[in-house]
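Number of protein chains: 2
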Amino acid sequence: MKHVSIKDIAKELSIAHSTVSRALNDKYDIKKETREKVLKKAEEMGYYPNPMAKKLKENKSFNIGVVVPEFRNAFFPDVILGIQDVLLSKGYQILIMQSNEDPIIEESNIRTLHENMVDGLIISLTADSHNVSFLKNLSNKNFPIVQFNRVSDKLETSKVVFDDYTWASFATEHLIKQGYKKILHFAASQDIALCKYREKGFINALKRHKLPCNKEQIVPSGLTIEDGKKAMEKVLESNMDFDAIFAVTDPTALGAMMVLKQHKIEIPERVGVVGFSESRLSQVIEPSLTSVKQPTFEMGQAAANLIIQEIETEVKVPQVMTLGGNFKVGKSSVRL
Amino acid sequence: MKHVSIKDIAKELSIAHSTVSRALNDKYDIKKETREKVLKKAEEMGYYPNPMAKKLKENKSFNIGVVVPEFRNAFFPDVILGIQDVLLSKGYQILIMQSNEDPIIEESNIRTLHENMVDGLIISLTADSHNVSFLKNLSNKNFPIVQFNRVSDKLETSKVVFDDYTWASFATEHLIKQGYKKILHFAASQDIALCKYREKGFINALKRHKLPCNKEQIVPSGLTIEDGKKAMEKVLESNMDFDAIFAVTDPTALGAMMVLKQHKIEIPERVGVVGFSESRLSQVIEPSLTSVKQPTFEMGQAAANLIIQEIETEVKVPQVMTLGGNFKVGKSSVRL
DNA sequence: AATTTTAACGGACACGTGTCCGAACACGTG
DNA sequence: CACGTGTTCGGACACGTGTCCGTTAAAATT
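In the order they appear, the protein sequences are chains A and E. For our numbering, add 3 to where a residue sits in the first sequence, where the first one is 1. For our numbering, add 3 to where a residue sits in the second sequence, where the first one is 1.
Among the clues, some could well be false.
Note that identical chains are pooled: a pair holds if it fits in a single copy or bridges any two copies.
[What the hints assert, rightly or not] For lysine to any residue, the following SDA-like pairs were computed, each having C-alpha atoms within a straight-line distance of at most 25 Å: (1) 93 to 28; (2) 14 to 324; (3) 144 to 11; (4) 5 to 17; (5) 319 to 265; (6) 5 to 314; (7) 210 to 289; (8) 232 to 49; (9) 184 to 142; (10) 334 to 265; (11) 334 to 236; (12) 184 to 108; (13) 203 to 166; (14) 233 to 333; (15) 199 to 118; (16) 57 to 94; (17) 5 to 53.
These are calculated hints, taken from the structure and not from any lab test. Note that this is a predicted model, so its numbers are computed, not measured.
Kindly generate the complete structure, drawing on both the sequences and the hints.
Structure (structure tokens):
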């Protein structure tokens with residue numbers, strides 16, 4: 004059970020531990036025969052370096068903190084797989100924390116990770132992270148931070164984002180081409196940049212096709228199934244006239260669809276629905292949901308590569324990576 | 004950016020670093036005034052202990068490895084939330100690794116975690132983990148391991164499991180009471196104990212109600228949506244007579260439902276379907292899926308408490324915790 | 001053969017923390 | 001005043017690793 008140290012090897016061979024260290028690290032000041040003798044003995048005794056000692060010595064934890072707002076949808080687990088894919092191969096571990104969509108927990112998570120001396124932070128903010136002063140403070144002290152997905156304009160770090168504007172515009176256009184004319188957008192908090200851009204993309208598409216674009220068409224909602232349900236119910240109660248919905252996320256779209264189905268409103272015949280990424284439910288629900296697909300795994304890889312670069316080169320030039328996606332047409336938006 | 008050490012505080016106050024250490028740890032050999040002076044200075048200089056040094060000194064990483072077979076369904080993320088809930092409050096971090104349902108990757112994950120000197124391991128095995136010799140080896144060396152959910156009978160460690168037998172029996176009985184008579188079980192690998200118990204529970208319920216129970220009724224399938232689809236297609240091709248399905252997991256049930264819907268076979272009128280935990284999709288699909296619910300969060304908490312106990316008391320008495328759940332009746336199994 | 005160069009290794013130190021032991025001093029008691 | 005007792009602190013050491021510097025002995029040069 005006890006760990007074999009280089010001192011144990013040294014004692015066994017009656018040499019100094021510094022010699023063993025040189026042998027294992029393939030340094031100059033060492034005779035070939037000695038080196039081989041040491042390597043053989045190390046193998047024999049089942050030696051492997053104590054990571055704690057190495058971390059203390061190099062003053063580097065080889066840990067990267069990952070903070071995500073939630074764990075309920077498939078989106079963040081998928082991104083984490085991408086992050087892990089890159090970081091593990093480079094000898095880093097990741098510490099994952101989730102904020103439960105609560106900015107208070109989020110800040111506590113960041114503090115915990117920082118006190119545990121992670122070498123860097125990859126973060127996607129909660130919906131209500133107005134106050135990013137703590138992160139800003141860290142960033143100013145040259146602490147490596149990479150934001151992804153839900154990023155803040157107030158925080159100048161490297162970012163990995165999706166081209167929300169273009170794809171929201173594209174998704175809206177798809178509805179227009181299918182003949183829908185009175186399209187609503189179920190929107191969420193403007194504090195999250197991606198929501199803002201999706202809304203702008205929506206508006207732009209309507210204007211380009213000279214369709215009406217009133218304020219009522221932007222329905223305040225949120226990112227969850229519950230938010231979608233509530234917004235849909237409110238719209239139905241108000242007797243608003245509409246024939247399609249472009250929702251800010253898949254869960255929002257799903258919530259809306261569930262309420263529509265309860266009211267026996269046919270999809271896509273009477274109302275067309277298009278969602279946006281973030282959920283695997285979209286393929287299971289009936290009718291299948293038309294949606295923009297984000298490259299989640301690649302997003303994780305990109306974020307990981309950026310943080311590694313920042314840590315290992317120690318130069319901080321914030322760069323923004325914008326990824327593209329693809330459009331998956333389901334039955335929820337295609338009239339026969 | 005540089006970390007403030009107790010030596011820095013000592014230098015500042017012109018005392019020995021050992022005195023500072025005593026003051027901060029509230030040990031006896033210290034005068035009150037000195038202690039207060041040190042605490043004040045520490046606060047002032049923004050001191051917090053270097054976790055790496057502590058880990059090296061105590062030969063303890065305060066990290067717990069968590070290995071799960073997949074990340075695609077909500078089940079494991081939910082369990083991890085429970086694990087985190089307990090461990091974070093006790094000063095431990097968790098390193099999460101996923102095995103992608105591959106026993107080779109699984110073993111490599113375990114190795115990586117062990118070489119990083121995690122203090123213990125919480126693990127749920129992949130579907131094909133026949134060979135648990137590496138884990139057995141660790142366990143024999145008194146390395147703390149707790150299994151949950153997918154456990155192996157070949158490995159004697161503490162375990163947190165669900166009472167699969169009872170609840171599978173209960174779920175099957177529900178179908179029987181609804182008047183279904185020719186019930187199939189979509190099963191998965193017998194290497195996973197929970198699959199075995201769910202199958203046994205199914206058989207037991209049929210026998211108790213004196214219903215036919217042939218080998219054909221046990222349909223070999225798997226744990227994923229794809230497995231459910233394939234098995235369902237095979238059953239339909241074979242023209243087997245049946246009126247209900249009890250599936251080993253929710254994804255399996257969902258796959259079956261999707262194929263049934265493609266063939267315009269009405270659920271629950273012509274075929275009733277019941278699933279088993281592990282997915283949040285069940286509430287979204289139409290008709291909503293009747294399913295056994297496991298207390299995922301509590302399962303994580305229980306596993307975390309067991310591992311802490313094993314680490315901190317250093318006595319190893321394998322104990323098995325069996326959790327109960329509840330039964331959520333949806334529309335997929337209720338005939339009007 | 002005397003001197004310089006080179007190879008190979010041992011010992012000391014450092015990272016930040018915690019603990020053990022002994023020293024210094026104050027205080028009380030005989 | 002001498003001795004014992006208790007308090008408070010400094011110094012040395014340890015955890016496992018890596019690096020620097022100095023030392024030794026052998027090889028190469030003059």
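Verification of the hints:
For a Cα distance limit of 25 Å, the shortest separation of residue 93 from residue 28 inside one copy, 18 Å, qualifies, whereas the shortest one across copies, 37 Å, does not. Proximity of residue 14 and residue 324 under a CA criterion of 25 Å is satisfied in neither setting, with 52 Å inside one chain copy and 46 Å between copies. With identical chains, the CA atoms of residue 144 and residue 11 are at most 25 Å apart between copies only, with a shortest distance of 20 Å across copies and 40 Å within one. Proximity of residue 5 to residue 17 under the C-alpha cut-off of 25 Å is restricted to the intra-copy arrangement: shortest distance 21 Å within a copy versus 38 Å between copies.
Proximity of residue 319 to residue 265 under the C-alpha cut-off of 25 Å is found in neither arrangement, the shortest distances being 53 Å within a copy and 54 Å between copies. Only between protomers do residue 5 and residue 314 lie at most 25 Å apart by alpha-carbon distance; the minimum there is 15 Å, versus 33 Å within a single protomer. In this homomeric assembly, residue 210 and residue 289 never come within 25 Å of each other (Cα to Cα): the closest approach is 31 Å inside a single copy and 36 Å across copies. When the C-alpha separation of residue 232 and residue 49 is checked against a cutoff of 25 Å, the pair qualifies neither within a copy, at 59 Å, nor between copies, at 47 Å.
Proximity of residue 184 to residue 142 under the C-alpha cut-off of 25 Å is found in neither arrangement, the shortest distances being 46 Å within a copy and 65 Å between copies. In this assembly of identical chains, residue 334 and residue 265 lie within 25 Å of each other by CA distance both inside one copy and across copies; the values are 18 Å within and 14 Å between. For a Cα distance limit of 25 Å, the shortest separation of residue 334 from residue 236 qualifies both inside one copy, at 22 Å, and across copies, at 22 Å. In this assembly of identical chains, residue 184 and residue 108 lie within 25 Å of each other by CA distance neither inside one copy nor across copies; the values are 43 Å within and 51 Å between.
In the homo-oligomer, the alpha carbons of residue 203 and residue 166 lie at most 25 Å apart inside one protomer (12 Å), although the nearest pairing across protomers, at 51 Å, exceeds that limit. In the homo-oligomer, the alpha carbons of residue 233 and residue 333 lie at most 25 Å apart both inside one protomer (24 Å) and across protomers (22 Å), since each shortest distance falls under that limit. Taking CA atoms no more than 25 Å apart as the test, residue 199 paired with residue 118 passes in neither setting, with 33 Å inside one copy and 45 Å between copies. For the identical chains of this complex, residue 57 and residue 94 are neighbours both inside a copy (12 Å) and across copies (21 Å), given an alpha-carbon limit of 25 Å.
Taking identical chains as interchangeable, the C-alpha atoms of residue 5 and residue 53 lie at most 25 Å apart whether they share a chain (11 Å) or sit on different chains (23 Å).
Consistency with the previously given hints fails for numbers 2, 5, 7, 8, 9, 12 and 15, ordered from lowest to highest.
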